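Here the protein sequences come in this chain order: A and B.
So the first sequence is numbered by numbering that gives the first Met the number 0: it starts at 0 and just counts up by one.
So the second sequence is numbered by numbering that gives the first Met the number 0: it starts at 0 and just counts up by one.
Hints in this document: simulated from the structure, not taken from any laboratory.
Treat each hint with caution, since some may be false.
[As the list claims (entries may be wrong)] DSS-like cross-link-like pairs, simulated, lysine-lysine; straight-line CA separation at most 25 Å: (1) B:K587 / B:K363; (2) B:K240 / A:K51; (3) A:K55 / B:K117; (4) B:K582 / B:K117; (5) B:K166 / A:K57.
[To be verified] With the Cβ distance kept under 8 Å, some of the chain B side facing chain A (calculated, not the full set): (6) S39; (7) I44; (8) R48; (9) S71; (10) L78; (11) D93; (12) A234; (13) Q238; (14) P245; (15) E246.
Keep in mind the model is a prediction, meaning the values are calculated, not measured.
By construction, the Cβ of each residue, glycine as well, lies at the ideal position given by its N, Cα and C atoms.
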Amino acid sequence: MTDQEILDLFTATLRDLLMDDAIVLTMATRREDVPGWDSFNYINFIVAVETKLGVKFKVADIEAFENVGAIAAQTKVLLGGSS
Amino acid sequence: MLEWLPNISDFRGELRAATAEQDPAQRLERLARLAQHRLSFLETIQLDRALGSAMATPAPGFASIRLAILASSTVDHLLPGIRIAGLRRRLLIDIHTGNYGQYRQELLDPTSSLHRFKPNVVLFAVAARGTIAALQLGASPEEAEKAVTQSVEDLRALWRKARDTLKAGVIQQTYLNTADPVFGNYDRVVPAAPTRLVARLNDRLAEAATEESVLLLDIARASERDGITAWFDPARWLQAKMEIAPEVAPLYGDLLGRILAAQRGLSKKCLVLDLDNTLWGGVIGDDGIEGIVLGEGSAVGEAHLALQRYAKQLTQRGIILAICSKNDPAIAEAAFKDHPEMFLKRADIAAFVANWNDKAENLKLIAERLNIGIDSLVFVDDNPAERARIRQSLPVVSVPEMPADIAHYVRCLAAAGYFEAISFTAEDRERAGQYAANLEREALLGSAESMDDFLKSLEMTVAYGPFTPVDLARVTQLINKTNQFNPTTRRYTAEDVAGFVQQSSNITLQFRLLDRFGDNGLVSTMILRPDRARPDILEIDSWVMSCRVFGRELENEAMNIAVETARKRGVKAFRADYIPTAKNSLNKDLYPNLGFTPMNEEMPVAGATRWLLNLADYAGRQTQIQRKGV
Numbered sequence: 000m001t002d003q004e005i006l007d008l009f010t011a012t013l014r015d016l017l018m019d020d021a022i023v024l025t026m027a028t029r030r031e032d033v034p035g036w037d038s039f040n041y042i043n044f045i046v047a048v049e050t051k052l053g054v055k056f057k058v059a060d061i062e063a064f065e066n067v068g069a070i071a072a073q074t075k076v077l078l079g080g081s082s
Numbered sequence: 000m001l002e003w004l005p006n007i008s009d010f011r012g013e014l015r016a017a018t019a020e021q022d023p024a025q026r027l028e029r030l031a032r033l034a035q036h037r038l039s040f041l042e043t044i045q046l047d048r049a050l051g052s053a054m055a056t057p058a059p060g061f062a063s064i065r066l067a068i069l070a071s072s073t074v075d076h077l078l079p080g081i082r083i084a085g086l087r088r089r090l091l092i093d094i095h096t097g098n099y100g101q102y103r104q105e106l107l108d109p110t111s112s113l114h115r116f117k118p119n120v121v122l123f124a125v126a127a128r129g130t131i132a133a134l135q136l137g138a139s140p141e142e143a144e145k146a147v148t149q150s151v152e153d154l155r156a157l158w159r160k161a162r163d164t165l166k167a168g169v170i171q172q173t174y175l176n177t178a179d180p181v182f183g184n185y186d187r188v189v190p191a192a193p194t195r196l197v198a199r200l201n202d203r204l205a206e207a208a209t210e211e212s213v214l215l216l217d218i219a220r221a222s223e224r225d226g227i228t229a230w231f232d233p234a235r236w237l238q239a240k241m242e243i244a245p246e247v248a249p250l251y252g253d254l255l256g257r258i259l260a261a262q263r264g265l266s267k268k269c270l271v272l273d274l275d276n277t278l279w280g281g282v283i284g285d286d287g288i289e290g291i292v293l294g295e296g297s298a299v300g301e302a303h304l305a306l307q308r309y310a311k312q313l314t315q316r317g318i319i320l321a322i323c324s325k326n327d328p329a330i331a332e333a334a335f336k337d338h339p340e341m342f343l344k345r346a347d348i349a350a351f352v353a354n355w356n357d358k359a360e361n362l363k364l365i366a367e368r369l370n371i372g373i374d375s376l377v378f379v380d381d382n383p384a385e386r387a388r389i390r391q392s393l394p395v396v397s398v399p400e401m402p403a404d405i406a407h408y409v410r411c412l413a414a415a416g417y418f419e420a421i422s423f424t425a426e427d428r429e430r431a432g433q434y435a436a437n438l439e440r441e442a443l444l445g446s447a448e449s450m451d452d453f454l455k456s457l458e459m460t461v462a463y464g465p466f467t468p469v470d471l472a473r474v475t476q477l478i479n480k481t482n483q484f485n486p487t488t489r490r491y492t493a494e495d496v497a498g499f500v501q502q503s504s505n506i507t508l509q510f511r512l513l514d515r516f517g518d519n520g521l522v523s524t525m526i527l528r529p530d531r532a533r534p535d536i537l538e539i540d541s542w543v544m545s546c547r548v549f550g551r552e553l554e555n556e557a558m559n560i561a562v563e564t565a566r567k568r569g570v571k572a573f574r575a576d577y578i579p580t581a582k583n584s585l586n587k588d589l590y591p592n593l594g595f596t597p598m599n600e601e602m603p604v605a606g607a608t609r610w611l612l613n614l615a616d617y618a619g620r621q622t623q624i625q626r627k628g629v
């Protein structure tokens, strides 16, 4: 997946999760930038992405992700680095 | 998971269309139809958010439940799955969750938010960690057993507290066995090994629950089916103290939804089976009776036999079987009589419909013939086109999406949980025989000159008396399952019913109908309570009758008995309400037909009517039923 494809998937997932089609994610977006993206919905988001892509993030990574870009980068690693 | 529900191609589009619906009742209907599909964890959350705004207005045809969850771990991620499972069954579930781990305080403090919430149902969802932590691995068998006893007794006290102070029904979740083996295979013989302790706790929990009439939400069993790795994710536990993995939340909700529905009499009652390529392999019309694949010797033949065996087991617990097949009726019936490998016999089938008509029409016919609601049917057919047709034209019928391989039919049908039970009574055990006897009664009716002749030839006797402790389970079951002959449709728990009996100013009556073909069992109950202002007037709070004995004049004889019993107590009059539902139109004229007169009072429910009977004016109804007091 390309960076853009991952970003699109993240955006669609978060829009569905929070029922908010106005959400636009960039690699620099942080959780606190998106209203409603609290710690509970962070877990929900992670689970939804894991289910869609068939990957599993490490707890250490989930705790450390600073922004969407960090999640995307780790997603690429888990998908085998192919782009 | 939820593999028996059909997939949906454009969930997002359908959801958008449903939420855009202006009329709130229509919006809720559309959301309820979406809930009939196999939804992922994320789709379940989305549908739940849409439901949130639609739930505010009370909706006709939907029942409300107030559920409190008392948990020792995070349950927030489970709530959408619970609400959607409710929606799937036309139940709108309002949920209260306390702070996790605070449930004890909440329960004990009468001013807590839990008490203010006034739940009808309390679910205890606690983990076994405390019990395990309190024991050393080297503990003796006695010490281990003592710890288990202590845990279970502690819970028992909480159940009682919930029941007494909240007046709520109690559901206890079994312990998920999340512990890892310490000794390996040897774990099972070490008394204080955590995996063994949890298994023991669950055994003892089941015993205590039986004693206390508490229902079990058996996630321990469910997790055995899917594997503990599916149910418990250590990462989610560490991150958010979620004992149940979010991915299984839709299934968890469905398991709970089944119990809540069963408590309200919404479990399915009848399994309708197709014949060709469902009950046997091949097409009997083409292949002939000797050409169908059934029985030992072939994997396919054994798979069809396994489905027959499972269906037979269901009849032994009181589920009714019916056949709905596009076939020549003579050829179809011949298979039951003449095929040596047929496990199901013709007498196991309460309604047998084989013809070339539309199956939707035939399902209506089956429901009518069995005197049950069409929403009590589960329709199993290998043909996807027939399934789609029924879902389209009769959405209230449950139509499981069957697996492509017949080998998996039984597992799929069992996992779907359509026939969830909350008791297993003598009536359930005997129901199959009673339906077989009904076939004989029908044959008799066909040969009788008149209805009166028929009723006379049945040689009926009613055995009656007040409720006794032995009948409590059946009385409660009948009150909660009966929809058609039920003028007030009030649902009561076993404790409520016991409470009515204790109040000596009440009259409770139970009726058992016997005839020349056998005992129909306890088929009708009545609860009469004195009016607060006028104790010489009794109100018919609840009166239910099983559809199995409709058309036998039992309502007349029951009223004769009720009037005589009340007269002996000096009661002057009966007051009775008819509160219409989607299913009880049968009772619309029940009271005027029995000689009651309208009171013309303003009623809180549209279409409801209130009736009065001066007992002095009541002339006993003539019936063909003899009496026997018990």
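Numbers of the earlier hints that this structure fails to satisfy, in rising order: Per hint list: 3, 4, 5, 9, 10 and 11 violated.
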